[in-house]
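Protein sequence lines correspond, in order, to chains A and B.
Position 122, counted from 1, in the first sequence is what numbering that gives the first Met the number 0 calls 121; the numbers after and before it change by one each time, with no gaps.
Position 157, counted from 1, in the second sequence is what numbering that gives the first Met the number 0 calls 156; the numbers after and before it change by one each time, with no gaps.
Careful: at least some of the hints might be erroneous.
As the list claims (entries may be wrong) - Okay, the calculated beta carbon distance ranges per label pair: (1) A/G315 / B/D69: 31 to 39 Å; (2) A/L202 / B/Y59: 27 to 35 Å; (3) A/E218 / B/A133: 29 to 37 Å; (4) A/E218 / B/D69: 34 to 42 Å; (5) A/P321 / B/T240: 28 to 36 Å.
Everything labelled a hint here was simulated from the structure, so no lab data went into it.
The beta-carbon is built from N, C-alpha and C at its ideal position, and this holds for glycine as well.
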Amino acid sequence: MTRTIAYVRNQMQGQEPPPVSQIGAIRWMHENLFSGPLNSILTILSVLCVGWIAQHIGPWFLNAVWNADSLAECRQILQGETGACFGVIKDRWHQLLYGFYPQDSYWRPNLAAALLLVALAPLLFPDVPRKLIWFSLLYPAVGFFLLWGGSIWPPLVALAGLAVGFAAYAALIKTSSLAATIAAIIVPILWWLFVSGPLGDALAQATPGLGLRSIGSDEFGGFMLSIIIGVTGIALSLPLGILLALGRKSDLLLVKVICVGFIEFIRGVPLITLLFTASLLLNYFLPPGSNFDIILRVIIMVTLFAAAYMAEVIRGGLAALPRGQYEAADALGLDYWKAQQLIIMPQALKISIPGIVGTFIGLFKDTTLVVFIGLLDPIGLSSAIRADTDWNGIYWELFLFIGALFFIFCFSMSRYSMYLEKKLKTDHR
Amino acid sequence: MVATSEPPKASFRLSMLIYDTRYRSLTIQVVFLMLFMAGAAWLIDNTIQNLRALGKDFNYGFLSVRAGYDINQMLVQYSNDSSHARAMLVGLLNTLFVAFLACITATVIGVMAGILRLSKNWVVARLMTVYIEAFRNVPLLLWIIVIFAIMTESMPPPNAFRGDDAASSMLLFDSVAITNRGVYVPEPLFGRSLGNIDIGIFLISVDLLAIIAVITLSVMANRALLRNALRVQEATGLRPTTWWKTILILIAPLVALLVALGFHFGYPELRGFNFVGGTHMRNSLVALWLALSVYTGAFIAENVRSGIQAISHGQSEAAFALGLRPGRTMSLVVLPQAMRVIIPPLISQYLNITKNTSLAIAVGYMDLRATLGGITLNQTGRELEAMLLMMLIYLIISLMISSAMNLYNRSVRLKER
């Protein structure tokens with residue numbers, strides 16, 4: 000027999016659903032959009048702002064014309080309505096990408112770009128077979144040969160410089176490691192300065208057929224140019240920046256003073272003045288009669304510029320390392336270079352990854368400045384396209400295309416740096 | 000007593016220069032110095048030879064020669080009869096002017112965007128992320144050109160403001176006109192002006208000096224008032240009311256001065272084919288200014304965000320545990336520490352703005368590069384001198400800004416151990 004008291008429940012009641020304001024979209028909106036008066040005002044303002052932009056730009060996108068050969072034709076198709084004329088991209092994309100590079104040779108930059116990806120893969124991702132790193136070492140010569148063409152011999156002979164240096168190192172390492180190191184640095188430099196040029200030319204004249212059609216730097220342009228300058232500058236500025244940073248932290252007073260002077264000078268002047276120096280003044284500083292390629296000059300200047308910033312970023316990383324790391328390396332009896340290579344640099348570089356990639360992105364964006372010394376980067380080409388009567392007066396479509404391409408490159412670089420940081424993260428905080 | 004551990008007689012051998020660590024650093028430095036000097040000598044020798052071959056010399060005499068060109072924006076008196084040095088000064092002031100304007104607006108934009116990006120408001124945070132990523136990942140040059148194109152192509156021509164049912168209208172109670180020829184804003188005028196004084200290089204308006212003096216004095220008076228209030232508070236525990244005194248001290252003298260000087264605005268108005276009156280801000284200035292502000296603002300926003308995030312959560316929790324209200328926590332605990340993280344990169348952004356003003360070349364703004372490194376260089380053919388001088392000037396500006404940064408860093412550095 001069960002005794003029941005009228006006011007005591009003998010049966011659990013079923014669960015009530017949570018109040019409407021505490022679930023789903025309403026709760027989310029309450030928490031994230033309208034949690035207070037200020038927040039509500041901000042939300043409404045931003046929605047209005049987005050709406051205003053969409054209202055003004057939306058029709059422009061929706062009415063976009065892709066098939067037109069001139070701005071006049073575009074306007075005819077649109078009949079007075081607002082609309083983008085992406086016909087210009089369809090008509091001129093090759094110019095924006097390759098500049099005035101000969102059309103029948105587009106396969107060369109394309110192949111160079113594809114091989115660049117192959118060469119970069121082992122550097123960027125650890126899962127790729129290590130053997131490929133040999134190809135990365137060869138790539139500069141391959142890329143140069145594909146893009147500029149000419150005889151196959153000069154790049155090969157230049158590559159041989161590395162082999163000569165290695166041979167000198169191997170020959171001397173038995174007697175003295177110091178002499179071997181010095182030889183490994185000096186021999187290739189001598190080779191490139193004095194042997195490489197004449198030997199390459201001689202071999203090229205001996206076998207005239209062996210090579211690709213030579214294409215001059217004045218035909219380069221568009222994104223190809225930005226990428227050539229950007230990638231070379233990035234590849235060269237990192238080692239140079241590391242050396243400068245080490246020089247700045249060095250105990251050797253003279254080395255330190257010169258490195259500080261160089262870094263502060265480069266960081267103190269705008270890049271544009273350095274580029275003007277490359278185009279106007281370099282003829283003063285070089286022996287009379289010498290003249291070298293404008294793209295090479297720009298690459299040198301951009302590299303020096305980025306290296307100074309890189310040095311500061313890496314110095315920050317070095318400064319952030321606890322002193323104990325240096326002392327531990329000394330206690331283990333490692334010499335300076337061994338300590339740098341095995342203990343200091345791996346950690347310092349890891350700390351400075353965001354800054355390093357930030358400098359890379361800055362360098363890549365700064366390649367647009369070459370337009371001021373007469374090279375046709377995408378922005379220069381946009382004016383060139385506008386100078387054509389067919390497309391006179393077209394702005395936004397070109398800017399949008401150029402901006403989007405730069406955005407893709409820079410944004411993926413910054414995402415890669417985030418990936419790298421996460422992958423290399425070893426502390427468990 | 001005989002010394003038992005007489006050190007071995009140091010006999011110097013040549014190989015010790017390399018293998019003995021006492022001498023090795025010296026060897027390296029001497030070799031390095033010789034290489035460096037050889038390189039420098041080579042460059043200088045080349046330059047001398049090249050100059051001789053061209054029949055040129057190296058002197059700065061051209062700076063005192065008549066410039067002979069006009070500059071469309073000048074902060075000091077200049078005419079085409081002035082010297083090249085004067086043109087250089089005008090360009091330098093234009094550079095500093097646009098850099099100054101851009102620093103202010105970029106800071107405002109950046110601080111707001113950085114704080115809003117941390118907001119709990121989903122829409123606002125996303126919107127700020129889009130803004131920051133879009134501007135950080137696209138070259139500044141493109142933004143300058145885009146904004147210049149917007150100013151010249153999409154803004155109404157002055158004659159669109161004409162008539163009763165005009166296509167365009169002026170903003171802010173008919174005081175600001177945005178046209179494709181530039182922006183016209185009201186200009187401050189003084190009915191009973193005190194005139195100018197000539198300090199040798201340029202004229203300075205006495206009105207301006209008077210205003211600055213009055214503002215400085217009122218700020219100092221206000222500081223004294225607040226200090227006094229603090230002293231009373233510390234002595235008695237009661238803080239005297241100061242807010243109305245502060246307002247009075249800050250505003251009343253300035254208003255009195257402005258009234259005395261007969262201050263009024265000169266509004267732009269459409270007359271003939273163009274606007275007259277008011278201050279005319281050229282498209283080049285506006286485009287450069289806006290582009291530098293929004294571009295650098297995105298970078299500053301990231302600095303602000305990381306500065307605030309760098310302050311560990313424990314700090315604000317400790318402040319809450321002490322019973323501080325959220326506002327006081329922010330102003331007394333979080334911000335002073337975040338400032339230490341934010342200010343150094345902020346100042347280097349200012350440095351970047353100053354250097355990036357040289358992109359004025361894209362829109363034809365008459366900055367230092369356009370005068371000294373542009374027209375003067377082309378007219379006189381003195382590339383070497385003009386470029387070196389220009390680099391030196393930029394270098395001095397940069398070093399001044401970065402030494403200000405170092406001073407600040409030293410003053411706020413954590414005192415450890």
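Do the hints match the structure? See the list:
1. A/G315 / B/D69: 31 to 39 Å: For A/G315 and B/D69 the Cβ distance comes to about 46 Å; the hint is violated.
2. A/L202 / B/Y59: 27 to 35 Å: violated, 50 Å
3. A/E218 / B/A133: 29 to 37 Å: For B/A133 against A/E218, whose Cβ atoms are near 33 Å apart, the range 29 to 37 Å holds.
4. A/E218 / B/D69: 34 to 42 Å: holds, 38 Å
5. A/P321 / B/T240: 28 to 36 Å: violated, 52 Å
Violated hints for the displayed structure, listed by number in ascending order: 1, 2, 5.
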